[in-house]
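Participant: Chain by chain, the residues run as shown.
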Amino acid sequence: MDILPIFSALRRHKITALLVILEVALTCAIVCNAVFLITQRIDRIHMLSGVAEHELIDIQISPISATTDSVPRMNEDLAALRQIPGVTAVASSNQLPLGGSSWNAGIKIARDQKESTLNATTYYGENMLETLGTQLVAGRSLLHDDFYDFDAVVKAGSTSDTKNMPKVAVVTQAMADRLWPGVSPLGKELFMGDNIPITVVGVVAHLVRPSFSDNAVAEYSMAFPIRMAAGRYVIRTAPENRERVLAAALAKLKQLDPKRVVLKKQTWDQVREKFFQNDRAMAGLLLGVCVALLVVTALGIVGLGSFWVAQRRRQIGVRRALGATRRHILRYFQTENFLLATIGIVLGMAMAYGVNLLLMVHYELPRLPMMYLPMGAVVLWLIGQAAVLGPALRAAAVPPVVATRSV
Amino acid sequence: MFAYYFQLGLRSLRRNPILTALMVMAIGFGVAASMTTYAVFRATSNNPIPEKSSQLFAVQIDNWGPEDTKNGEPSSSLSYTDVIGLMAAHKARRQTAMYPVGPSVIPADAHLLPFNVNSYAVYGDAFPMFDIPFLYGSGWGAAEDDGHAAVVVIARAINDKLFNGANSVGREINIDGRNYRITGVMDSWNPQPLFFDPVNTSGFDDPVDLFIPFTRAIELKMGTAGNNNCNKNSGDGWDAWLHSECIWAQYWVEASSKADADAYLRSLQGYAAEQQRAGRFRWPPNVRLRNVQEWLEFQKVVPPESKISLLVALAFLLICLVNTVGLLLAKFMRRAAEIGVRRALGASRREIYGQFLIEAGTVGLAGGLLGLLLTGLGVVGVSWVFDPKVARLATLDASLVALTLLVAVLATVMAAFYPTWRAAQVQPAWQLKSN
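Sequence order for the protein chains is A and B. Taking our numbering, I'd label the letters of the first sequence as residues 1 to 407. Taking our numbering, I'd label the letters of the second sequence as residues 1 to 435.
Treat the hints with care, as some may be off.
[As the list claims (entries may be wrong)] With a straight-line Cα cutoff of 25 Å, these simulated DSS-like cross-link-like pairs (lysine-lysine) come out:
| no. | chain 1 | residue 1 | chain 2 | residue 2 |
| --- | --- | --- | --- | --- |
| 1 | B | K258 | A | K114 |
| 2 | A | K114 | B | K70 |
| 3 | A | K155 | B | K232 |
| 4 | A | K155 | A | K167 |
| 5 | B | K300 | B | K221 |
| 6 | A | K265 | B | K258 |
| 7 | A | K264 | B | K221 |
| 8 | B | K389 | A | K259 |
| 9 | B | K161 | A | K259 |
| 10 | B | K258 | B | K91 |
| 11 | A | K188 | A | K114 |
| 12 | B | K91 | A | K188 |
| 13 | B | K389 | A | K264 |
| 14 | A | K274 | A | K259 |
| 15 | A | K108 | B | K232 |
| 16 | A | K274 | B | K389 |
| 17 | B | K161 | A | K254 |
| 18 | B | K389 | A | K108 |
| 19 | B | K161 | A | K265 |
| 20 | A | K167 | B | K258 |
| 21 | A | K167 | A | K114 |
| 22 | B | K232 | A | K264 |
Since the hints were made in silico from the structure, they are not lab data. Bear in mind that the values here come from a model prediction, so they are computed numbers and not experimental data.
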């Protein structure tokens, strides 16, 4: 295929050629970045939580006024909830994975360390790890004898009475890897606020935090042996029983104390869905824009292609009369589009990189992986070829007799 | 002439239906995408209290010191010690300490269940400061603040629910088992973003249901319903917590002029210096005074999603316009012969410019109408997928309609400059000869 005549023809139509190139370049730059953003969001949406996803129910209640006998009342609630048929486990916790508001603590790994090594969330509640369905990969879980009542711990904290303070904790693999890379975390000591050592006795595979914006710290979680009546109950049951158990649990709680207000009642699937709602919306929006962009670019190529063919009808006729076959004409327009698309793609890759740099600076996004660029190139080449096919076929259909007319 | 060219434009829309349809679609989609995302962006970056946003200031005081603060920036919340200290100093025209509480209202009607209300504990100054409108009655005064009075201001929705919308001023309402006298019923008041408390709400939440006096809430030991942050163990019990360095309250002041605001900032520095002298702060004064817009900016109330999607949509519009330039060029150049005839018959270049720019404007208008339809769908779709608390703020109002049409027409006319210039360059002689 002779490329030189194509170039000399394009030189006569600089602006039109430039428009096609510009369009392809802009589309390439934006689609590469948008697809990258989409995959990031999708990764986030599909993040491992480490809990028994479809088996959990969350109920939050508020007592009408603060009661002093909160722990006995909590135990009464828990016992009642446990009796509901179908319930496999119940716990009272201070927070829920992906549940939003969270309790966090700065974690240090040495006595008198000035700044925290990392910030981790702390899950309270007896039987919480088992109810959530986390997977223990090393050591042991928290046992009944490890636990202390929240109020007693607060009191002990103010008097530096170490006897009534929790002494052990279970951490996630991600957190252990960050604190003690390459070493078994079992038996290691960590410090929270005051200089009282807490021994790591167990490691769970995954457990996501109640809230986070940076995925890298999403699994810095630990379970701490504190019993707390925060009015938040987590119930585990088989997926098909959830609706029934939720209704029964609410009835039970109401029966135990009719004055309580139910603040939240939801399955954990709903919690997860709500947490990632913005990410899903964003991914959907970007996907819509990408599709629309590609369609618009394709339509633009169709439009300009038709214009071009219409303008060059006579030249095509002359070429045909001089012996060019239909195939030659078809190839000519296809090659021309390929050349323009290639220039556009090269330009677009540079722009994609630039846009990515901008996003990295302003929105703390990671670098665009190189593999997006060839993928974007292939997509744009294909779209260009598909779009130009119609006009090119019409060009190929121009009869040689046109050359003899209207001159 | 304008009317005639407009008519010509309309007629030419029908002449190359496919080309025209492509253009109208490109403009329609481009404009709709940018307008939909703009509607979300506008809602999130809205000035919630335009008349007073430069007169209301959020106060920050560093009571934790350089070890526990990030980048030297004081925390967004204050300790009880500091808000009470500032209230006692009373250096601003109006001021209020505030924090969110989550009490339950127990309806007198035994058939109704107790329900949780979205509430704040404030001082009486908050009502004139925040321009809170009243349906009945008013806020409370300094006497009630000082007396820890059991008074309450309720929202219209609560009044409708409990009193069927009747004037309930002076009547009593049971909150957490105690009676409060209603001093006022707010008319609909729902500034978005919730400028006075982005710390606990991320800026978008349901309207406030009721206000009770700050002093009363403290006396009844109502804990905060929002975030509580401590840099060290606060100790045992309510009093220890209250007088600890835990931060959970907000402080707002009103200053009517720049000079007043500067004066207040100086008094704030004075307060911090005094705390340093007293040995409570072991660091030099580190305070901030931010007005509403600065405060919302600092709290990053506009979600990054909203900014990124607006950028993406604008880039999309740009591509649609590049596309339109190409298509308009095709459309205009097909009519080279017609232009040649017009020019030969005496039309000046100027008239060709006029005709084709108006024709482009017609295309833009058609694209704008399609864009309007799609923006309408987009706004509905946004409330379907975005966080409902943010999405419900994005609406297709008169100004957005006007903007959509304006952007469509202007953008298309701008895109038409080059094609029109090409059209005006047509040589009459050449066109006449070749036909």
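Participant: Determine for every hint whether it applies to the structure shown.
Facilitator: Structure-based check of each hint:
no.: 1; hint: B:K258 x A:K114; result: violated (41 Å)
no.: 2; hint: A:K114 x B:K70; result: holds (14 Å)
no.: 3; hint: A:K155 x B:K232; result: holds (14 Å)
no.: 4; hint: A:K155 x A:K167; result: holds (16 Å)
no.: 5; hint: B:K300 x B:K221; result: violated (32 Å)
no.: 6; hint: A:K265 x B:K258; result: violated (49 Å)
no.: 7; hint: A:K264 x B:K221; result: holds (24 Å)
no.: 8; hint: B:K389 x A:K259; result: violated (29 Å)
no.: 9; hint: B:K161 x A:K259; result: holds (19 Å)
no.: 10; hint: B:K258 x B:K91; result: holds (15 Å)
no.: 11; hint: A:K188 x A:K114; result: holds (19 Å)
no.: 12; hint: B:K91 x A:K188; result: violated (53 Å)
no.: 13; hint: B:K389 x A:K264; result: holds (17 Å)
no.: 14; hint: A:K274 x A:K259; result: violated (28 Å)
no.: 15; hint: A:K108 x B:K232; result: holds (14 Å)
no.: 16; hint: A:K274 x B:K389; result: holds (12 Å)
no.: 17; hint: B:K161 x A:K254; result: holds (23 Å)
no.: 18; hint: B:K389 x A:K108; result: violated (38 Å)
no.: 19; hint: B:K161 x A:K265; result: holds (23 Å)
no.: 20; hint: A:K167 x B:K258; result: violated (55 Å)
no.: 21; hint: A:K167 x A:K114; result: holds (21 Å)
no.: 22; hint: B:K232 x A:K264; result: violated (31 Å)
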